[in-house]
Amino acid sequence: MSDSVLISVEDLVYEYPDGTRALDGVRLEVREHEFIALIGQNGSGKTTLSKSLNGILKPTRGTVRIGELDTRSRGVTRKIVTQVGYVFQNPDHQLFNNTVHKEIAYGPRNIGLGHEEVEARVEEAARVCGVKPELFEEHPFFLTKGLRQRVSIASILAMRPRVIIVDEPTTGQDRRQSVEVMNFLRDLWERGGHTVIIVTHEMPIVSEYARRCVVLSRGQVLLDGPTREVFARPDALAQAQVKPPQITRLAQALGDHGVRGDVLSVDEMMEEFDRVTSS
Amino acid sequence: MDAVAIRGLAWKYAGRSSFAIEEVDLTIPAGAFVGVVGPNEHGKTTLVSCIKGIIPHGFHGVWRGTVELFGEDVRALGSQRLAELSGFVFADPEAQFTSMTVEEELAFGLENLGLPVAEIERRLVWVSDLTGIGALWDKSPYEISGGQKQRVAIASALAMKPRLLILDEPTSMLDPLGKDAVFDLLASVKRETDMTVIVVEHNVEQVAPLADLMLLVHRGRVARAAPPELFFEDCDLLIESGVQPPQATLFLDRLKRQGRFPGKLSPRFEEDVAAVRDVLAGRARGGGTP
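Those protein sequences? They're chains A and B, same order as listed. The numbering of the first sequence is our numbering, which starts it at 1 and goes up by one. The numbering of the second sequence is our numbering, which starts it at 1 and goes up by one.
To be clear, the hints were calculated from the coordinates, so they are not data collected in a lab. Where hints are given, some of them may not hold.
[To be verified] Below are the EDC-like pairs computed for lysine to aspartate or glutamate, each with C-alpha atoms no more than 20 Å apart in a straight line:
id, chain 1, residue 1, chain 2, residue 2
1, A, K243, B, D184
2, A, K51, A, D92
3, A, K145, B, E229
4, A, K145, B, E192
5, A, K243, B, E270
6, A, K243, B, D180
7, A, K58, A, D92
8, A, K102, A, E138
9, B, K161, B, E192
10, B, K264, B, D212
11, A, K145, B, E270
This structure is a prediction, so every number in the text was calculated from the model and none was measured.
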């Protein structure tokens, strides 16, 4: 992993107009080529933080810097959207054009790119996202939810951001759909070299895909580290009312038999069981 | 008497070329708690809609076979009788709200049934105690948390005292605390009433521990119908069918197939922990379910 810092958050406080303090002194660095999960209960501040990371929300106090850009500076929005993309939980909140092609081309056109460059980006983003050219003239609303989600991700990728934030990518999806979208995000991270940040409540998804886990509670970062280390601290997680995945909890309940408490998958639990029973 | 008796059921929506469900034969005993799992678009909602009578009464299409609710053919029942026999709760609680306060919301269905005021008051107290929403009566149902909204939606259905309660993905829009609140409530319903309950749910880890019967709906058919301790045998087939078994159950299934765990599989976490402890202590016996 490179140490190059892409986003730097310092002492971030965010208050909504009604006075509710959603973030209360957050410090965070997002580096190049990371796969991060932001977790925490509703109201913990994770959506507010994720929307602060690309300047949708401006800090009440403190700073968010994307490279050299301070998100509070005037006129930086056009630069930010080429650095950090945000995919909404519900694709229908994001899609508003009447064809798939116009939807993916909207961002590149909006930042004033020429026709050929726009076409090249649409073709590239659609190919990466598995959106076939024969769908370009379809209305996005008549596609399946999985395809609508891919179109919304393609429209973000067309801006070629280095960081892509995806809000609850698997909510309401069945197992096959969840695996499909998460494997796709892993490909973007592994092969595309993007930094991927997911906001999620699905702990097995976090343990399988995210290498780093940031736990928010009451507007503050409670834990931040490798996913394995974070899930190995059930007492600290309990403060955020977050439970590790069931297989991790099973391992932790068997600590008195010598089972390690940082198991992340059923395969790892089988290996750990073999180790304990053969020793 | 069976709560639900389905024979040779098939349903095709008007304008579609293939059947949404077919070859469904199923009986659900009165008082059972049933978990329905399976991939999206494979027929779960269609199946429960046929049991509730939403299909064929509210849709055009081709129907074959019979569905009986407590011995009565759903196709012959009017809307009042259907409402008395069964209640329905949707994924989005706001989709079923009609009133400006929780109290009015709870009373709405009862007033439509034409119940006397004293009976309505009795039921509001009963259902509020059961669901823990007494403190919310004066609030707008739109201004409470997601978990509270779904508890109000379920309470409104429960207040009608249907003999069968159907919930279609009641926790899919909730955060983990909201999900816990709904499953705690469903556990209370199971413990304190004799209602038959059918829950369509992706969250196998939370629905299976409550279930007497689990159904896998796959490609328009009921591909597996069994009590939980049998339903989870051969977890790989469930995974291939797009269902994620609880991780601890999956682990015990693997041990079992290696001949290292002789007991029955349980979807209940505490029982799984005890079963693995027994294996580790070299005293594996029945394990799983008691």
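Now the hints, each set against the structure:
A hinted pair counts as satisfied when its Cα atoms are at most 20 Å apart, and A:K243 with B:D184 qualifies at roughly 16 Å. Taking the CA atoms of A:K51 and A:D92, the gap is about 18 Å. The hint holds against a cut of 20 Å. Proximity of A:K145 to B:E229 is assessed by CA-CA distance (about 34 Å); at most 20 Å being required, the pair is judged violated. The straight-line distance between the Cα atoms of A:K145 and B:E192 is roughly 39 Å, outside the 20 Å bound, and the hint therefore fails.
Straight-line distance between C-alpha atoms of A:K243 and B:E270 comes to about 15 Å, which keeps the hinted pair within the 20 Å bound. At most 20 Å may separate the alpha-carbon atoms for a hinted pair to count; A:K243 and B:D180 meet this at roughly 12 Å. For the hint pairing A:K58 with A:D92, the CA-to-CA distance comes to about 24 Å; that exceeds 20 Å, so the pair is violated. At most 20 Å may separate the alpha-carbon atoms for a hinted pair to count; A:K102 and A:E138 meet this at roughly 10 Å.
Taking the CA atoms of B:K161 and B:E192, the gap is about 13 Å. The hint holds against a cut of 20 Å. Annotation: proposed proximity of B:K264 to B:D212 holds, straight-line Cα distance about 15 Å (limit 20 Å). Straight-line distance between C-alpha atoms of A:K145 and B:E270 comes to about 37 Å, which puts the hinted pair past the 20 Å bound.
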